[in-house]
Amino acid sequence: MLAAGAHLGDQIKPELHQSVVEVGTPVCADVREAREAVNHLRRSLIGMAEKSGARIVAAGTHPFSHWKDQEITDRERYKDIVNEMEDLARANLIFGLHVHVGVEDDEMRIQIMNGVRAFLPHLLALSVNSPFWCGRKTGVKSVRSTIFKRFPRTQIPDYFYSWEDLTTSWTSWAPGRRCASCAAGQ
Amino acid sequence: MDELGTREEMRFLRGWAVSGDTGADRQIAVYEATRDLRPVVDLLVDETKAGLLD
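Listed in order, the protein sequences are those of chains A and B. Residues 0 to 185 in numbering that gives the first Met the number 0 are what the first sequence spells out, letter by letter. Residues 0 to 53 in numbering that gives the first Met the number 0 are what the second sequence spells out, letter by letter.
Fair warning: there could be bad hints in the mix.
Calculated cross-link-like contacts (lysine to aspartate or glutamate; reagent style DMTMM-like; alpha-carbon spacing at most 25 Å) [said to hold, decoys possible]:
#1 K136(A) with D68(A)
#2 K136(A) with D86(A)
#3 K48(B) with D86(A)
#4 K12(A) with D45(B)
#5 K136(A) with E8(B)
If you're looking for bench data, these hints aren't it; they were derived computationally from the structure.
Start from the sequences and build out the full structure, keeping to the hints where you can.
Set out below in structure tokens:
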């Protein structure tokens with residue numbers, strides 16, 4: 000199916016699990032461009048999948064497919080991840096929408112990140128879309144977010160006083176200098 | 000909102016917040032009506048296509 004999507008270039012990519020596909024828009028100047036790009040990619044992907052006898056679902060989890068039954072994509076990077084993280088990686092059968100917002104100014108970027116922290120619970124409350132997991136009704140509306148908690152750097156980030164505060168206190172990770180990133184899960 | 004071109008999105012979000020109708024609620028409603036998870040997948044397939052193929 001990915002071969003059929005060659006014309007989309009690097010806007011379509013495999014993921015760790017063969018049953019998962021990632022699409023990514025180019026950098027968009029505003030919401031209108033982003034909406035058009037997402038619609039184009041999703042429409043293309045659905046068409047390619049249907050020709051292959053498959054169907055595309057955008058949600059937080061699949062209601063009943065079990066992670067133990069999923070094949071891992073045959074790429075060195077994914078083999079390395081599974082070798083290092085074992086079932087933590089294999090069981091991470093979740094899907095989501097990531098919105099990356101580029102902010103050029105270092106200090107403005109940090110203050111926007113700090114401000115967005117307060118709204119992340121609201122975004123999650125609106126976007127919940129994973130009440131089922133491995134064929135079970137979980138009792139929560141976003142089991143995706145509880146599964147993803149097992150990975151490092153996946154919850155609301157710490158508050159940082161400045162760009163220097165972030166880069167000196169959290170040296171193992173820093174957002175790209177031109178891109179602050181906010182990921183809203185489903 | 001007009002400067003950012005987000006008025007339509009904000010209107011949609013406000014309605015969403017008021018109704019409380021999330022994707023999770025719709026999945027649960029289908030399951031409780033059918034006691035079967037396969038129609039839940041059908042719902043997700045339809046919602047993924049919604050508005051794209053018109």
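We went through each hint and held it up to the structure:
For the proposed pair K136(A) and D68(A), the alpha carbon gap of about 19 Å is at most 25 Å, so the pair holds. Pair hint K136(A) plus D86(A) holds up; C-alpha atoms about 22 Å apart against a cutoff of 25 Å. Between the alpha carbons of K48(B) and D86(A) the distance comes to roughly 32 Å, so the proposed pair goes past 25 Å and is violated. A hinted pair counts as satisfied when its Cα atoms are at most 25 Å apart, and K12(A) with D45(B) qualifies at roughly 23 Å.
Between the alpha carbons of K136(A) and E8(B) the distance comes to roughly 31 Å, so the proposed pair goes past 25 Å and is violated.
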